[in-house]
Amino acid sequence: MKEFTEEQAKEELSKKQQKFSPKDFTKLIAKSDTLKDKFKNHKKLSKFIKDFKVLFAMVKDYYKGNYKTVPWYIISSIGATLLYVLLPTDAIPDFIPFVGYIDDATVFSLCLKIANTEVKRYLKWKEENEQNKQTPITN
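For the sequence shown, my numbering assigns the number 12 to the initial residue and increments by one for each residue that follows.
These are computed hints drawn from the structure, not numbers from a lab.
Positions of the beta carbon are idealized from the N, C-alpha and C atoms, including for glycine.
Be careful, since some hints might not be right.
[What the hints assert, rightly or not] Below, a list of computed lysine-lysine pairs in the DSSO-like style, where the Cα atoms sit at most 30 Å apart:
#1 Lys42 to Lys137
#2 Lys26 to Lys55
#3 Lys55 to Lys42
#4 Lys30 to Lys58
#5 Lys47 to Lys135
#6 Lys30 to Lys124
#7 Lys30 to Lys54
#8 Lys34 to Lys75
#9 Lys75 to Lys42
#10 Lys64 to Lys54
[What the hints assert, rightly or not] Restraint-style ranges between C-beta atoms, simulated for each label pair:
#11 Gln29 to Lys79: 20 to 26 Å
#12 Glu139 to Leu98: 31 to 37 Å
#13 Ala41 to Gln142: 27 to 33 Å
#14 Lys34 to Gln142: 30 to 36 Å
Taking the hints into account, I'd like the entire structure generated from these sequences.
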């Protein structure tokens, strides 16, 4: 089997991102355990577990209205990527031994590149938000 290229990943992500809509958030949130299991249990994806947790938290905070400063194309790229990982029959079907998750990992890696700057902003916001929750208000 030929390698799954970044160009192919761009095509797949672009197709999925264009179809991603706000109603897809419900599907993602409902499948959080399935996604987490895929990232934890499959070699090609396991190196991205921390990144997955951050991206999923970002999407969740956006969906809940807690964090809205991120552009839609970033949120839709992340959402589309996570939905792509959920699909067992994507460009390279997940059930194919040794190579089934190569496309998922490549698309996820591309998404990380695209969202890098916004993820850094989100993490800064998250850290500041957590600090504000811990700081007691005094009169």
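A quick look at each hint next to the structure:
1. Lys42 to Lys137: Holds, at about 23 Å.
2. Lys26 to Lys55: 22 Å, holds
3. Lys55 to Lys42: It holds: about 20 Å lies between the C-alpha atoms, which stays within 30 Å.
4. Lys30 to Lys58: Answer holds: Lys30 to Lys58 is near 27 Å, not above 30 Å.
5. Lys47 to Lys135: Given pair Lys47, Lys135 holds - Cα atoms ~23 Å apart, limit 30 Å.
6. Lys30 to Lys124: Roughly 20 Å between the alpha carbons, so the hint for Lys30 and Lys124 holds.
7. Lys30 to Lys54: 28 Å, holds
8. Lys34 to Lys75: 13 Å, holds
9. Lys75 to Lys42: Given pair Lys75, Lys42 holds - Cα atoms ~16 Å apart, limit 30 Å.
10. Lys64 to Lys54: 16 Å, holds
11. Gln29 to Lys79: 20 to 26 Å: 21 Å, holds
12. Glu139 to Leu98: 31 to 37 Å: The hint (31 to 37 Å, Cβ to Cβ) holds, given that Glu139 and Leu98 are roughly 35 Å apart.
13. Ala41 to Gln142: 27 to 33 Å: 31 Å, holds
14. Lys34 to Gln142: 30 to 36 Å: 34 Å, holds
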